[in-house]
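Generate the whole structure from the sequences, applying the supplied hints.
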Amino acid sequence: MIEKRLLEEVLGIAVSTGADFAEVYSEQTRNGSIRHLNGKIEAIGDNMVCGVGIRAFVGTKTVYASTSDVTREGLIKCAKSVAAAVGEGFNVQSIRLTERIFPNVHPVKIVPSGADMGYKCDLLKAACSAAREYDERVVQAAGNLITVDHSILIANTEGLLTTDRHIRSRMAVQVTAADGGEMQSGVCSPGRGMGLETFELFDPKDIGITAAKQALTNLTASYCPAGKMTVAIENGFGGVIFHEACGHSLEATSVGTGTSQMCGKLGQQVASTKVTAIDDGTIPGAWGSVNIDDEGNETRRNVLIENGILKSYMVDRLGSRRMGLPMTGNSRRQDYTFEPTSRMTNTFIANGEDKNEDIIASIEYGLYAKSMGGGSVNPLTGAFNFAVSEGYIVRNGKICEAVRGASLIGTGAEILMNIDMVGQNLATGQGMCGSSSGSVPTDVGQPLIRVSEITVGGKE
Amino acid sequence: MFDRLKNAIARRAAELGVTEYEIYYSSNSSSAAETLGHEISSLTSSTSGGICFRCAVDGKMGYASTQLMDEAEMAELVDRALENGRYTEKEDTVGIFPGAEKYGKTNAPEYVPLTAEDIRRAALELQEANYAVSDKVREGTQSQVETTETVVRIVNSHGLDLSNKVGLNVAVSVAVVEDKGESQDDYTFCEYGKKSAREMAEEAVNSALEKIGATVPPTGKYNIVFDAKQMRTMLSVFADAFSAKTAQAGMSRLAGKEGEKIASDIINITDDPMREGFSIQTYFDAEGVPAYKKDVVKNGVLMTLLHNRETAAVAGCETTGNASKAGYSAPIGVSTYAFCIEAGENTKDELMALAGDGIYITEVKGLHAGANSVTGDFSIESAGFMIEEGKKTYPIKSFTVAGNFFDMLRDVSALSNEVDVGFSGYGAPDLLVRDMSVAGK
Numbered sequence: 024m025i026e027k028r029l030l031e032e033v034l035g036i037a038v039s040t041g042a043d044f045a046e047v048y049s050e051q052t053r054n055g056s057i058r059h060l061n062g063k064i065e066a067i068g069d070n071m072v073c074g075v076g077i078r079a080f081v082g083t084k085t086v087y088a089s090t091s092d093v094t095r096e097g098l099i100k101c102a103k104s105v106a107a108a109v110g111e112g113f114n115v116q117s118i119r120l121t122e123r124i125f126p127n128v129h130p131v132k133i134v135p136s137g138a139d140m141g142y143k144c145d146l147l148k149a150a151c152s153a154a155r156e157y158d159e160r161v162v163q164a165a166g167n168l169i170t171v172d173h174s175i176l177i178a179n180t181e182g183l184l185t186t187d188r189h190i191r192s193r194m195a196v197q198v199t200a201a202d203g204g205e206m207q208s209g210v211c212s213p214g215r216g217m218g219l220e221t222f223e224l225f226d227p228k229d230i231g232i233t234a235a236k237q238a239l240t241n242l243t244a245s246y247c248p249a250g251k252m253t254v255a256i257e258n259g260f261g262g263v264i265f266h267e268a269c270g271h272s273l274e275a276t277s278v279g280t281g282t283s284q285m286c287g288k289l290g291q292q293v294a295s296t297k298v299t300a301i302d303d304g305t306i307p308g309a310w311g312s313v314n315i316d317d318e319g320n321e322t323r324r325n326v327l328i329e330n331g332i333l334k335s336y337m338v339d340r341l342g343s344r345r346m347g348l349p350m351t352g353n354s355r356r357q358d359y360t361f362e363p364t365s366r367m368t369n370t371f372i373a374n375g376e377d378k379n380e381d382i383i384a385s386i387e388y389g390l391y392a393k394s395m396g397g398g399s400v401n402p403l404t405g406a407f408n409f410a411v412s413e414g415y416i417v418r419n420g421k422i423c424e425a426v427r428g429a430s431l432i433g434t435g436a437e438i439l440m441n442i443d444m445v446g447q448n449l450a451t452g453q454g455m456c457g458s459s460s461g462s463v464p465t466d467v468g469q470p471l472i473r474v475s476e477i478t479v480g481g482k483e
Numbered sequence: 010m011f012d013r014l015k016n017a018i019a020r021r022a023a024e025l026g027v028t029e030y031e032i033y034y035s036s037n038s039s040s041a042a043e044t045l046g047h048e049i050s051s052l053t054s055s056t057s058g059g060i061c062f063r064c065a066v067d068g069k070m071g072y073a074s075t076q077l078m079d080e081a082e083m084a085e086l087v088d089r090a091l092e093n094g095r096y097t098e099k100e101d102t103v104g105i106f107p108g109a110e111k112y113g114k115t116n117a118p119e120y121v122p123l124t125a126e127d128i129r130r131a132a133l134e135l136q137e138a139n140y141a142v143s144d145k146v147r148e149g150t151q152s153q154v155e156t157t158e159t160v161v162r163i164v165n166s167h168g169l170d171l172s173n174k175v176g177l178n179v180a181v182s183v184a185v186v187e188d189k190g191e192s193q194d195d196y197t198f199c200e201y202g203k204k205s206a207r208e209m210a211e212e213a214v215n216s217a218l219e220k221i222g223a224t225v226p227p228t229g230k231y232n233i234v235f236d237a238k239q240m241r242t243m244l245s246v247f248a249d250a251f252s253a254k255t256a257q258a259g260m261s262r263l264a265g266k267e268g269e270k271i272a273s274d275i276i277n278i279t280d281d282p283m284r285e286g287f288s289i290q291t292y293f294d295a296e297g298v299p300a301y302k303k304d305v306v307k308n309g310v311l312m313t314l315l316h317n318r319e320t321a322a323v324a325g326c327e328t329t330g331n332a333s334k335a336g337y338s339a340p341i342g343v344s345t346y347a348f349c350i351e352a353g354e355n356t357k358d359e360l361m362a363l364a365g366d367g368i369y370i371t372e373v374k375g376l377h378a379g380a381n382s383v384t385g386d387f388s389i390e391s392a393g394f395m396i397e398e399g400k401k402t403y404p405i406k407s408f409t410v411a412g413n414f415f416d417m418l419r420d421v422s423a424l425s426n427e428v429d430v431g432f433s434g435y436g437a438p439d440l441l442v443r444d445m446s447v448a449g450k
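Just so you know, the sequences run in chain order A and B.
Residue 24 is where the first sequence starts when you use the numbering used here, and the numbers rise one by one after that.
Residue 10 is where the second sequence starts when you use the numbering used here, and the numbers rise one by one after that.
Keep in mind the hints are simulated off the structure, nothing from the lab.
Treat each hint with caution, since some may be false.
Short, incomplete list of chain A residues facing chain B, as computed with Cβ under 7 Å [to be verified]:
(1) Leu60
(2) Met71
(3) Ser89
(4) Ser91
(5) Thr243
(6) Gly281
(7) Asn408
(8) Phe409
(9) Gln447
(10) Asn448
(11) Ala450
(12) Lys482
16 Å max Cα-Cα, derived EDC-like pairs, lysine to aspartate or glutamate [claimed, not checked]:
(13) Lys69/B x Asp101/B
(14) Lys230/B x Glu48/B
(15) Lys99/B x Glu437/A
(16) Lys145/B x Glu211/B
(17) Lys450/B x Glu483/A
(18) Lys266/B x Glu205/A
(19) Lys238/B x Glu351/B
(20) Lys69/B x Glu48/B
(21) Lys401/B x Glu359/B
(22) Lys63/A x Glu98/B
(23) Lys15/B x Glu80/B
(24) Lys230/B x Glu437/A
(25) Lys69/B x Glu65/A
(26) Lys84/A x Glu211/B
(27) Lys266/B x Glu285/B
(28) Lys99/B x Asp145/A
(29) Lys450/B x Glu437/A
One-sided excerpt, in silico: chain B residues whose CB lies under 10 Å from chain A [as the list claims (entries may be wrong)]:
(30) Gly113
(31) Arg162
(32) Ala378
Glycine is no exception: its CB is placed at the ideal position from the N, C-alpha and C atoms.
Here you go:
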């Protein structure tokens, strides 16, 4: 890691031409990946990501420069380029940093980067073998074991100097099943902000079998009908509905620039009274958790919506300046090449009071979305979409035949008001969320919910 | 610097008896200016580089990568690649490419990097052009101009030493408009200088304004005209089906279909690393094999899948020079260059006329989730315009169009006579397909 005196010098240069704040973000990340295909370990890769990003503010204007040259010369050059972009003159400031150590609330039992490679390969092989052996129609089980060991240092002209180390592990198995000319796929990809003990929580065999079952279900499913329907969305990754329909619209990235449908709505009813939604970066070992955000603020539990009333946005430093609201510990970035911005961590709809069986029983005709794929949103209009990766028709309160190829679309404002039942089996699912500061790990989550009416895109 | 690192690697490789290896180096530098309101809101610049070392170990291939450019790390890189190779189970049958006698020549338009001052000025000019188009342009409108340069170099133990530089100046404009109490946005994205600031602004602002007052179409079957930009986005999702690697893994519906009819007679698909006018060109692939133009689909017949040396060895054919890396640290895979559905014979207006009554799709969203490249199935959020009596009419939104990409290739009725190639390397004309499922109100 970079010496304190060099950091002080670099920050002094960055604010030498009129910036009112500067920050250094340094990163060293060991990414490990193991890929399994055709019944064999196909490739093993490991990559050391290493670099520094320097950012300066003049009010709400920012200058950001990043480099993978972490030598003294590289850092000084980078800081000078920031100063030159900010303004003219050269009045180096004296900066004094005081180190701060935040508590680590995400202990790790088995650090992946140092663990035995044979053991890691065996974990992945167990998942893929279980999928292949599950049914003879399984023609391929492609698996990836991804591990990340991410060390960061943050220093800024307010005197903060801090470091953090964040470890995460994820396994993804994609199964292809074929029968005659028909071919379908299924995916299971759990992960945690933990070491390899993640796979004590998730038995690799279960990961493979879950993906296989989904592919086989889709193989015998017919195309989903199209039109407006009542839909029950299952827990776990089903929470992507809130992530897309509302979460992105609550990020300062869009609210602070006036491009969110949620602008100016604090204290107003934006969702049905059944909806309480939370973003919580502090959950120990969760996929989207971190001790500190990428600006050096402790993460926290932010109640975004309480009984339908909008309580909080997710605000980073720039957003805080633009909006005049305090920072919420949500500043994140993929790596040092990205300027950080406000992002979600672990975002979920809290448990409600409806019984899960009552939710299904209440639907005369509709769709039960058991498993969801990803989606996207335009925060300005709130128009969102997401894909159903495993779905079933509900008839007279009973879950009936499987259907495939469905997607759900709508606008945030409308869908949030249409959530009219909220169950009690809160669970989370893991995703990689893409936005202007790159791809970051986020958890989505919810219990089983009922949406009274939503457009189902299908082929029939 | 590179030579010093290369020598450190060579020394460590010699110490450990590694004789067959490759160093893949890639570096990127970029700078950009972004506006908000009438000012520059953000200036960014970045320089980064990474090295991937791969070597033959006991008949397997070992990989390791780093961005830490010092000699001690280079020695470690060799050690890590050896360790990774030892645990790899897939046999490597092709080794490191010794090199070819002849390579083609790129002919990309000349790249003159924009200076920092050029970038700021251009971004502000574009932003002001947005405001000048309409008084309905509002807060949130952003313009960005960026210059970016990427260098790839492959050096291997057979003495091969290839490098390629790609440079690009890009302008983006996102217009936010408000009219009749409704906000909408749209964007334009092009190589800087290909269109004037005014042309770009008009495109973005007018497209956003055209969306105001959009209604939801009734659920049903429609004749659909996909705008070229949307069609190329669809193609990007399903292009992986043309990879022999995907096919050999049993994950493509095109596996074993070479020589068979897979599309309508009017469909021709080419893959060209040196496509005329396209800025991102290369003359070699990620293994150092010469890259060249090929017909992938001709008059509806699948001529070839795309191969690297390994998939070609499995299939018993020649590589098509399509080895790729998804970033310097990735293992060798298969990918496309400028991969395009070639133009047909109709003008866009004729396509609308042929559709009669139908829908013109100008926006598709969420394809990463709503489209399955293995099965070809898609159900995607869309927006666009109704077509009535052969003419584009009022705006529509919040509907999905669903179908299967491979069925769609067979069912295409007509293509427009202009191909739109994006920076992503995918291109397509506008395309008419009949009787597709639409879910709306």
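Inset, instruction - Mind checking the alpha carbons of Lys69/B and Asp101/B for me, to see if they're no more than 16 Å apart? - result: Since the Cα atoms of Lys69/B and Asp101/B sit roughly 5 Å apart, the hinted pair holds (cutoff 16 Å).
Legend entry - Pairwise hint evaluation, Asp145/A against Lys99/B, where the allowed Cα distance is 16 Å at most: Cα-Cα ~15 Å, so holds.
Legend entry - 16 Å limit on alpha-carbon distance, applied to hinted pair Lys238/B and Glu351/B: holds (13 Å)
Inset, instruction - Sort out whether Glu205/A lies within 16 Å of Lys266/B, counting only the CA atoms. - result: holds (15 Å)
Inset, instruction - Have a go at the Gly113/B hint: is there a Cβ in chain A nearer than 10 Å to its own Cβ? - result: violated (29 Å)
Legend entry - Interface hint status, Met71/A versus chain B (Cβ within 7 Å): Since chain B brings a Cβ to about 4 Å from Met71/A, closer than 7 Å, the hint holds.
Legend entry - Satisfaction of the Gln447/A interface hint, Cβ to chain B closer than 7 Å: violated (27 Å)
Inset, instruction - Mind checking the alpha carbons of Lys63/A and Glu98/B for me, to see if they're no more than 16 Å apart? - result: holds (6 Å)
Inset, instruction - Take a quick look at whether Lys230/B and Glu437/A sit within 16 Å of each other, Cα to Cα. - result: This hinted pair is violated, its Cα atoms lying about 25 Å apart.
Legend entry - Hint consistency between Lys99/B and Glu437/A [alpha-carbon to alpha-carbon, up to 16 Å]: violated (51 Å)
Legend entry - Hint consistency between Lys84/A and Glu211/B [alpha-carbon to alpha-carbon, up to 16 Å]: violated (27 Å)
Inset, instruction - Against chain B, run the beta carbon of Gly281/A and see if the smallest gap drops under 7 Å. - result: For Gly281/A, the interface hint holds, since the closest Cβ of chain B sits about 4 Å away, which is under 7 Å.
The structure fails to meet hints 5, 9, 10, 11, 14, 15, 20, 24, 26, 27, 30 and 31 from the earlier list, while all remaining hints are met.
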